[in-house]
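**Q** Could you build the full structure based on these sequences and the hints that come with them?
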Amino acid sequence: MARTNPLPRLRKTCLALPGVTEKISHGSPSWFARGDKGMFVSFVGEHHGERLAFWCAAPPGAQEEMVAEDPDRFFRPPYVGHRGWLGVHLDGDNDWAEIAEIVDQAYRLIATKRSIAELDAREG
Numbered sequence: 001m002a003r004t005n006p007l008p009r010l011r012k013t014c015l016a017l018p019g020v021t022e023k024i025s026h027g028s029p030s031w032f033a034r035g036d037k038g039m040f041v042s043f044v045g046e047h048h049g050e051r052l053a054f055w056c057a058a059p060p061g062a063q064e065e066m067v068a069e070d071p072d073r074f075f076r077p078p079y080v081g082h083r084g085w086l087g088v089h090l091d092g093d094n095d096w097a098e099i100a101e102i103v104d105q106a107y108r109l110i111a112t113k114r115s116i117a118e119l120d121a122r123e124g
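Just so you know, we're using the numbering used here here: the sequence shown kicks off at 1 and counts up by one.
Calculated directly from the structure, the hints in this document are not laboratory data. Any given hint could turn out to be false.
[Unchecked claim] Across the chosen pairs, the derived CB separations fall in these ranges:
no.	residue 1	residue 2	range
1	Lys12	Thr112	28 to 34 Å
2	Thr4	Asp36	29 to 35 Å
3	Glu64	Gly92	17 to 23 Å
4	Pro59	Glu123	15 to 21 Å
5	Leu7	Asp72	19 to 25 Å
6	Tyr79	Gly124	21 to 27 Å
7	Arg11	Gly35	32 to 38 Å
8	Thr112	Gly61	22 to 28 Å
9	Thr4	Asp120	29 to 35 Å
[What the hints assert, rightly or not] Below, a list of computed lysine to any residue pairs in the SDA-like style, where the Cα atoms sit at most 25 Å apart:
no.	residue 1	residue 2
10	Lys23	Arg34
11	Lys12	Val80
12	Lys12	Ile116
13	Lys113	Gly84
14	Lys12	Ser30
15	Lys37	Thr13
16	Lys12	Leu119
17	Lys12	Glu101
18	Lys113	Leu90
19	Lys37	Arg83
20	Lys12	Ile110
21	Lys37	Ala117
22	Lys23	Phe75
23	Lys113	Thr21
24	Lys23	Asp72
25	Lys23	Glu64
26	Lys37	Glu118
27	Lys113	Arg34
28	Lys37	Arg76
Note that beta-carbon positions come from the ideal geometry of N, C-alpha and C, so glycine has one too.
**A** Now the structure itself:
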């Protein structure tokens, strides 16, 4: 059975957040919270022969904790892993509620206080 392409669902999750824009960065669809300076998620597909995945900003210590907890789903991505970014594989049975939480957390690390307040008001 063929798997559904996760990109449309990831795109919808990211673009639902206030002020988010999408553009291609380093050959991959990426989402920004503060214009070109605030990338918080990048879909990397099967980048450099790796598994289908996305990379995102993560709070201090989250990358290490999540990779240690479930190394089949989470990983330290190349290029941005040293900054604490988290890699999330998308080639299994995806828990989209958990992915939405990870994306929300990444957004909150990069977005402006005004955008975060708008998001909180929506959820409130």
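**Q** Go through the numbered hints given earlier and state which of them the structure violates, listing their numbers in rising order.
**A** When the structure is compared with the hints, numbers 1, 6, 7, 18, 24 and 25 turn out to be violated.
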